[in-house]
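Participant: Residue numbers (numbering that gives the first Met the number 0), protein chains in the order written: chain A, 0 to 303; chain B, 0 to 308.
It is possible that part of the hints are untrue.
Just a sample of chain A residues kept apart from chain B, beta carbon distances all over 10 Å, derived [claimed, not checked]: (1) Arg9; (2) Leu12; (3) Val13; (4) Gly102; (5) Ala105; (6) Ile144; (7) Leu177; (8) Tyr222.
Derived DEER-like restraints, expressed as beta-carbon distance ranges [claimed, not checked]: (9) Arg114(A) with Glu106(B): 13 to 23 Å; (10) Glu72(B) with Lys214(A): 53 to 63 Å; (11) Arg110(B) with Lys183(A): 50 to 60 Å; (12) Gly64(B) with Gly196(A): 48 to 58 Å; (13) Arg110(B) with Gly148(A): 32 to 42 Å; (14) Glu65(A) with Arg130(B): 47 to 57 Å; (15) Glu106(B) with Glu268(A): 32 to 42 Å; (16) Gly68(B) with Gly267(A): 34 to 44 Å; (17) Ser147(A) with Gln83(B): 11 to 21 Å; (18) Arg114(A) with Gly64(B): 39 to 49 Å; (19) Val219(A) with Phe13(B): 21 to 31 Å; (20) Phe13(B) with Glu268(A): 48 to 58 Å.
Don't read these hints as lab results, they were simulated from the structure. Idealized CB from N, CA, C, for every residue including glycine.
For reference, the chains in residue letters:
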Amino acid sequence: MKQFVSLTKRNCLVFLRDRAAVFFSLLAMLIVLMLMGVFLGNMNEEHVVELLKQYGGARDSGLDGEHARELIQYWTLAGILVVNAVTVTLSVIGNRVADASDGTLASMYSAPVRRGTIALSYMASAVLIGIVMCVLTFCIYQGYIVISGGELLESRTFFKVFLLIVLNVCIFSMIMYLCALFVKSSSAWSGIATVVGTLVGFVGGIYLPMGSLPKGVAEVLKYIPILHGTSLMREACCRDALEKTFANVPPQLVSEYKEYMGIKIKMGEKAASFPFQILFLAGCGIITFIIIMIVQKKRTINDR
Amino acid sequence: METAIQVTHLKKYFQEIKAVDDISFSVPKGEFFGFLGINGAGKSTTINMLCTLLEPTAGEAWLNGLKIGKDNEKIKKHIGVVYQNNCLDNLLTVKENLMLRGSLYEENRRRLKENLAFAAGILDLEEVLDRPFGKLSGGQKRRCEIARALMHTPDILFLDEPTTGLDPATRKSVWQAVHTLQKEMRMTVFLTTHYMEEAAKADHIGIMNHGKFVEYGTPFALKETYAKDKLYLIPLQDQWEHIQSELKKRQLKYSRREEGILVSIENTMEALDILDAMRQRIQGFEVIQGTMDDVFLNVTKEEGNETVC
């Protein structure tokens with residue numbers, strides 16, 4: 000256990016001591032938040048207001064606008080929390096690739112530590128740093144939402160968001176670790192980081208609402224974990240804002256809106272339930288873990 | 000004499016490539032063993048097998064009586080390995096690096112601190128303990144790497160080309176530290192190097208070539224067998240032909256150089272006889288003693304351009 004703690008501490012320190020890398024990964028996240036607010040926020044807010052206008056006379060359009068802004072802010076926050084879970088874990092797991100290519104991993108293997116412990120320490124450090132960065136992102140953006148007139152999430156909702164952060168970060172740490180087992184150099188890994196960083200927002204239906212994607216693409220995306228991770232996070236973050244915004248509106252409209260925005264994912268005819276999505280994500284995690292164990296077992300250092 | 004390393008018919012094949020092909024040797028406890036060979040001869044593969052990083056294709060090896068493949072976890076506690084590349088973390092301080100790596104072997108924090116003090120003391124690292132590893136000079140980094148390998152006071156220290164790329168003064172300081180360890184702690188040191196003057200200080204030397212263990216002996220014995228002394232003659236202007244025909248007559252190997260003639264001789268005393276005969280025909284001479292470089296080149300069949308007459 001002490002070896003595991005030491006190795007995890009070492010991996011965390013190696014990442015955190017690179018202050019520029021930490022600063023820029025936080026900055027990148029804030030820039031994405033800002034860009035989404037500036038370029039896409041208005042479009043999404045107007046869409047909500049337009050929808051609500053159908054129920055005209057009885058509604059206060061000023062209040063609808065405010066609610067719509069808050070709803071979209073929470074929707075954006077949920078998406079960014081998932082993007083973070085992917086990009087931060089990818090960045091931390093990059094240590095494993097660097098260690099394998101510069102011989103550090105071999106020096107660890109010659110110590111009396113089980114290889115599984117070393118593998119777990121890489122994933123654990125990615126989980127820890129991923130959680131810290133996501134919580135930091137959450138706090139910063141929650142502060143911004145409150146300053147711009149929105150309401151704080153309830154503590155129960157915050158707890159649920161925290162658990163979802165942990166779930167997402169754990170799964171993506173494992174997926175990233177599995178990828179790292181097949182990458183030989185740090186430059187190849189940074190290439191992958193660029194590709195993933197670009198794709199993740201689109202593949203996860205994070206930058207654009209699911210409903211605006213081509214139908215075929217949306218169907219395929221339903222079978223990858225990131226979309227369900229985002230959907231669960233959005234459902235938690237947006238629950239209160241949705242209730243406020245769509246008060247006195249037919250439930251059919253709300254469920255259509257949820258589907259359009261990727262808050263709910265329809266699998267076949269029915270919307271995927273909360274337990275189904277949790278099980279789907281957990282299943283992806285377990286399968287990834289099993290593959291990691293198989294690959295690690297086969298991957299003795301006999302490979303030249 | 001107790002044996003630290005015993006290798007019997009060890010093989011490692013990578014598909015058709017026979018990286019290590021049926022080698023056997025042993026290293027007594029407390030000995031400084033030099034393991035030589037050209038690049039790709041199979042030295043690192045052998046070290047990786049002895050360090051339990053690679054599984055042998057066939058054959059057996061024991062370290063301190065523990066069998067590789069069967070007692071790997073126990074073996075790891077007895078060995079320290081210094082690789083050619085630095086594998087400590089640049090952004091962590093030397094102390095953090097050594098404590099974190101040491102904790103993989105020793106859980107008791109007090110003993111860990113004692114080990115750190117010992118390793119830092121013997122390698123003269125006290126002053127740089129709080130500096131980031133990445134900011135150290137090449138020599139300091141190498142000493143830190145050796146300290147890392149010593150954090151658990153191993154019985155056997157493997158050094159895989161530990162001084163490659165260092166300047167002569169730094170190499171000397173690293174070697175002083177290694178010799179102190181070997182002499183004072185009776186630690187078995189297993190060294191691979193390309194610097195023959197380093198290998199010349201070993202108790203015994205083993206040479207690998209194309210995966211085979213081709214020669215074994217003390218540096219002195221190997222020099223006696225493979226490194227002939229040489230006599231360098233600088234002929235007077237008009238005496239070149241005469242000297243060469245005299246050498247041919249004596250059936251001596253020689254090669255013609257720009258300013259003189261290099262003659263292979265059996266021993267230094269033979270030079271006296273030649274010099275006596277050529278005294279009137281030369282303007283200068285030098286007796287060159289055989290070196291480990293000659294041993295290495297002769298054993299690995301790399302030496303050329305010598306004329307046999």
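Participant: Please go over all the hints and tell whether each is borne out by the structure.
Facilitator: Here is what the structure says about each hint:
Listed as outside the interface, Arg9(A) is inconsistent with that label: its C-beta sits roughly 5 Å from the nearest C-beta of chain B, within the 10 Å cut-off. In this structure Leu12(A) is not separated from chain B by more than 10 Å, as the shortest Cβ-Cβ distance comes to only about 6 Å. Taking the minimum C-beta to C-beta distance to chain B, about 5 Å, the non-interface status of Val13(A) is violated against the 10 Å cut. Against the 10 Å criterion, Gly102(A) falls within the reach of chain B, whose nearest CB is about 4 Å from its own CB.
Once the 10 Å rule is applied to beta carbons, Ala105(A) is inconsistent with being away from chain B; the minimum gap is 6 Å. With a cut of 10 Å on Cβ distances, Ile144(A) stays outside the contact zone with chain B, its closest approach being about 35 Å. Look at Leu177(A): its CB is around 22 Å from the nearest CB on chain B, clear of 10 Å, so calling it non-interface holds up. With a least beta-carbon separation of about 38 Å from chain B, Tyr222(A) lies farther than 10 Å from that chain, consistent with its non-interface assignment.
The beta-carbon spacing between Arg114(A) and Glu106(B), approximately 19 Å, falls within the hinted interval of 13 to 23 Å. Taken as a hint, the range 53 to 63 Å holds for the pair Glu72(B) and Lys214(A), whose Cβ atoms sit roughly 56 Å apart. Checked against the hint of 50 to 60 Å, the pair Arg110(B) and Lys183(A) fails, with Cβ atoms roughly 38 Å apart. Taking 48 to 58 Å as the suggested C-beta distance range, the pair Gly64(B) and Gly196(A) conforms, at roughly 53 Å.
Between Arg110(B) and Gly148(A) the beta carbon distance is about 59 Å. The supplied range of 32 to 42 Å is therefore violated. Taking the beta carbon of each, Glu65(A) and Arg130(B) are about 55 Å apart, inside 47 to 57 Å as hinted. Roughly 57 Å separates the CB atoms of Glu106(B) and Glu268(A), a value that falls outside the hinted 32 to 42 Å. At about 53 Å, the beta-carbon gap between Gly68(B) and Gly267(A) misses the expected band of 34 to 44 Å.
The given range of 11 to 21 Å is broken by Ser147(A) and Gln83(B), whose C-beta atoms sit roughly 57 Å from each other. Range check, Arg114(A) to Gly64(B): about 25 Å between beta-carbon atoms, so the 39 to 49 Å window is missed. Against the hinted window of 21 to 31 Å, the Cβ-Cβ separation of Val219(A) and Phe13(B) comes to about 40 Å, which falls outside the hint. Hint check: Phe13(B) to Glu268(A), Cβ distance near 55 Å, so the stated range 48 to 58 Å holds.
Of the hints listed earlier, those the structure fails to meet are numbers 1, 2, 3, 4, 5, 11, 13, 15, 16, 17, 18 and 19, in rising order.
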